[in-house]
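A.B. asks: Chains as they are written, first to last, in our numbering: chain G, 1 to 306; chain A, 1001 to 1670.
Simulated from the structure, these hints should not be mistaken for lab results. For every residue, glycine included, the Cβ atom is placed at its ideal position computed from N, Cα and C. Please note that the accuracy of each hint is not assured.
With the Cβ distance kept under 7 angstroms, some of the chain A side facing chain G (calculated, not the full set) [said to hold, decoys possible]:
#: 1; residue: Trp1137
#: 2; residue: Met1141
#: 3; residue: Arg1185
#: 4; residue: Leu1246
#: 5; residue: Gln1277
#: 6; residue: Lys1304
#: 7; residue: Phe1324
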Amino acid sequence: MDTFQQTIFKLKQFWAKHGCVIQEPYDVEVGAGTMCPETFLRVLGPKPYSVAYVQPSRRPADGRYGENPNRLYKHSQLQVILKPAPANVMDLYLESLAAVGINLDQHDLKFEEDNWESPTLGAWGIGWQVMLDGIEVTQFTYFQQCGGVDLDLVPAELTYGLERLIAFLQDRKSVYDIEWVEGRSYGDVRLLEEQQFSVYNFEKADVKMLWTLLDLHEAEAQRLIDEFKGLGDGQEHDKRRFPLLAAYDHVLNCSHTFNLLDARGAISVTERVGVIGRVRKLAVGVATAWMEQQALLNAAPVEVAQ
Amino acid sequence: MSDTLPFLFELGVEEIPHWMIEPALADLDRLFQQFLNQNGFQAGAVRLDGTPRRLVLRTELPERQEDRREVVMGPPQKAGPGAAQGFARRNNIAVESLAVETTPKGEYYALHRTVTGRDTRELLADALPAIITKLPWPKAMYWTGKGQLTFIRPIRWIVALLGDQVVEFGIADVKSGALSRGHRRMGADEIAFDHTNYEERLEKNGVILSAAKRRKRIQDGIKKLLRGTGLKLVADDALLSDLVYLTEFPTPILGEFREEFLELPAEVLSTVMRHHQRYFTLNDAEGKMAPRFIATMNMKADRKGLVKKGNERVLEARFNDARFFWEQDLQRTLEQRVADLASVTFQARLGSYLEKTTRVERRVSEIGTALGIDASFAVRAARIAKTDLTTEMVKELTELQGVMGGLYARKQGEPDEVWQAVYEQYQPVSMEAPIPASKSGQLLSLADKLDTLESCFSIGMIPSGSRDPFALRRAAQGVVKILVEGRLRLAVKDLRPDLYEFLLDRARYYFKDVRGFAYDELNAVLAAQSSDLVDVEARLIALKQVRQTENFEALASSFKRIRNILRQTNAPGIGVNESLFEAPAERELHLQLSKVLPHFQKLRVDGDYIRALFAVSTLRPAVDAFFDQVLVNAPLQEVRSNRLDLLNWLLVQVSSIAELSEIVTSSTSE
Chain G
1 MDTFQQTIFK
11 LKQFWAKHGC
21 VIQEPYDVEV
31 GAGTMCPETF
41 LRVLGPKPYS
51 VAYVQPSRRP
61 ADGRYGENPN
71 RLYKHSQLQV
81 ILKPAPANVM
91 DLYLESLAAV
101 GINLDQHDLK
111 FEEDNWESPT
121 LGAWGIGWQV
131 MLDGIEVTQF
141 TYFQQCGGVD
151 LDLVPAELTY
161 GLERLIAFLQ
171 DRKSVYDIEW
181 VEGRSYGDVR
191 LLEEQQFSVY
201 NFEKADVKML
211 WTLLDLHEAE
221 AQRLIDEFKG
231 LGDGQEHDKR
241 RFPLLAAYDH
251 VLNCSHTFNL
261 LDARGAISVT
271 ERVGVIGRVR
281 KLAVGVATAW
291 MEQQALLNAA
301 PVEVAQ
Chain A
1001 MSDTLPFLFE
1011 LGVEEIPHWM
1021 IEPALADLDR
1031 LFQQFLNQNG
1041 FQAGAVRLDG
1051 TPRRLVLRTE
1061 LPERQEDRRE
1071 VVMGPPQKAG
1081 PGAAQGFARR
1091 NNIAVESLAV
1101 ETTPKGEYYA
1111 LHRTVTGRDT
1121 RELLADALPA
1131 IITKLPWPKA
1141 MYWTGKGQLT
1151 FIRPIRWIVA
1161 LLGDQVVEFG
1171 IADVKSGALS
1181 RGHRRMGADE
1191 IAFDHTNYEE
1201 RLEKNGVILS
1211 AAKRRKRIQD
1221 GIKKLLRGTG
1231 LKLVADDALL
1241 SDLVYLTEFP
1251 TPILGEFREE
1261 FLELPAEVLS
1271 TVMRHHQRYF
1281 TLNDAEGKMA
1291 PRFIATMNMK
1301 ADRKGLVKKG
1311 NERVLEARFN
1321 DARFFWEQDL
1331 QRTLEQRVAD
1341 LASVTFQARL
1351 GSYLEKTTRV
1361 ERRVSEIGTA
1371 LGIDASFAVR
1381 AARIAKTDLT
1391 TEMVKELTEL
1401 QGVMGGLYAR
1411 KQGEPDEVWQ
1421 AVYEQYQPVS
1431 MEAPIPASKS
1441 GQLLSLADKL
1451 DTLESCFSIG
1461 MIPSGSRDPF
1471 ALRRAAQGVV
1481 KILVEGRLRL
1491 AVKDLRPDLY
1501 EFLLDRARYY
1511 FKDVRGFAYD
1521 ELNAVLAAQS
1531 SDLVDVEARL
1541 IALKQVRQTE
1551 NFEALASSFK
1561 RIRNILRQTN
1571 APGIGVNESL
1581 FEAPAERELH
1591 LQLSKVLPHF
1601 QKLRVDGDYI
1611 RALFAVSTLR
1621 PAVDAFFDQV
1631 LVNAPLQEVR
1641 SNRLDLLNWL
1651 LVQVSSIAEL
1661 SEIVTSSTSE
């Protein structure tokens, strides 16, 4: 039986073998691997790109103080982007399952319709949830739109829910019993974090401070987007070096702050729509600017110092 | 006529959503029949099959199209020989071989020619890409890039074989060929076959092509699993159909869960199993839920029991979640949750569920007063009805809204009348489904729906065409069904006029399509004034019964005649003056009316519509005699007007139940 980390190594190796850049997790809090710039921004535009990375994904409202065997505030996704999706992408996916030791002759596999949509990112795609013996182990999506922009090349996005998949592989009823490395369980590594962040997210987070943070991050992201938009035709040089990636970090911060407020019960359903709209506006703003910047960079790349 | 050849078309697609497969096959059939028509082929027997990964069409086609004669019309003869020559030259023939055709517009040059039939294979190669492109899908996607072909999911292979030859074409990077593919894991990626062994070869490769066979395999498999266990399947046809189209080789297996979970409400267990895990549930011999389930695999066998184990584990995890929610939710009473509804939006412009709750409470109590019944339980139910929207269980299993509220209310000691009403508040879920069984449930459901309707109408959210995001049609249908079947004599006239019309429209649908009344019966009854829908139903039943008698049928035609005559005059009165009668037949009619109508009136007021209409039908001989022997349009104005008044009296009286002139009789329908 492979440990938690061995299975992750194997998946990374598998996708590395198939031409993926193996990235490390992004260092800003996100709710899903899709939100990382390696997905959100890279899927835009005409340049092929394949990447795989583990992304710790924080969903404050899903926290259960470490008491529920299957629900986590922070779970790990293995995110794979294949842009454009190769014609044999399904076969590759099945091979990846075999690579982590799933004998597909002995397990039931179904692809059930599950289209993915992220209102905050202005993104959607068409796909399936992959059911292995009745357990959803992967979300398989053909991206269609991101940041409100139609995608030139259609990427396949494979999102493996690692805790769920590995609990299945290790036959554990609780994710906390997963063996992370020999002699150390998932609970040993992560339980404290689940407990403390549940307490913080549900009980302690300062709502007023969070609203302030949301406003600050929003203002900073918007300021940058506006400044980029204000650059004229003669200012290509400034456009090419403009820090849109920094603007996007602030968008991610907005999104996470929104999730914290939500977990804290501080957002009424009415406000919810409004705040989602604010974050989406920023995401769309960055995506649109990014497309413009990429067009400039593709025409005349930034020179790398020798 | 050339010999026919077998034709096989298989469109290989990544897993198509199960619910779209049957409609897609119907569309494929329609488009293929169009192709046959347009090319002069006989519409032949076409066999269609579908699995998640393939749409298959098989038929027989002639090797080539028949040659056909064609007439091409040229310029009119009067345009002269120059025009004829031009026409001949353009068509590459000698001017001498032109014919002259006589048409209603005059003489025209024309040429007759034989069009050689094309090879069917060529025609198919031209047509199939268009047929594929034209298949309509609820939501399509790009996969080869922006602006390229869209389809439900990526197309990965195409088989198109006429006889033993490939119909060659390409679409979205895929070229047609002769090789099929098997099951994702149990079959080969390239399967050679001929027309005689296609299904057999597929089956060897893990694909049961026929949906009927897959269905039977599931059903037989379940029977086998349950034999001797004393367990009974809880039938679920919708689930069975889903599974048929989610699999290429379905095999049911029997799993179990720990008995302690049976302490959770059966509604919760059943929703998790059926809706979320697509399992069939099972009952024990006493009809109680058994701690067992049936999962359906997309493979042949679970030799090591690994699939069973996996499914059992995920079910346990889900039940654990459900138990967590159940216990968590019960820590606060529904009453305590009422205030939380302030932050749950009903609709952005219509405020929160707390505001809705207040409105519905008031409305329940108003309806109670109007109907003269004690609505206190229903008012209590209205207060807590929406609070389950704030529970974890409903956030997770949204389809259980209402039901969960009822279950929590019961657990928290609310009276039967209250928790049942909450439980049933969303019934009826369709025109065919039952209305709430409890009176309080009926009142609550009715008030809730009327509130939704009235609120939405008040901000102009009125359904049009297929746009009905708030499902207002269903709400209105629910109102109609509850009023009629709950025997609630509530006047709906006071509603805003557009909503009243909207409800009336749903009532028409209900009485006609659900209850089977004829449209003319409905027109007749709805044209008469009726206080409520229960009354409308009673009149319809009476009319349907009485119209079958011979006298009534004839009388109805006379009423049409009376209506026509009266329509041409200025508003007649009903003050009949006996001294103005001239003919015996009008005297007789008046005598009969004087006898029958007061009796009719009494029966009508008592609501005994059947006997009232039978009483009217006894008037037939007198009415017939009147029309045989009396000229309504008498020369003398007074006499004429008196006759009109006599007829009007009859019409006005009888029309108070139903406008009989609306009834289509065998004589009027000719």
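A.B. asks: Work down the list of hints and note, for each, if the structure agrees.
C.D. replies: Quick rundown of the hints versus the structure:
| no. | hint | result |
| --- | --- | --- |
| 1 | Trp1137 | 10 angstroms, violated |
| 2 | Met1141 | 4 angstroms, holds |
| 3 | Arg1185 | 5 angstroms, holds |
| 4 | Leu1246 | 6 angstroms, holds |
| 5 | Gln1277 | 6 angstroms, holds |
| 6 | Lys1304 | 6 angstroms, holds |
| 7 | Phe1324 | 6 angstroms, holds |
When each numbered hint is compared with the structure, a violation occurs for hint 1 only.
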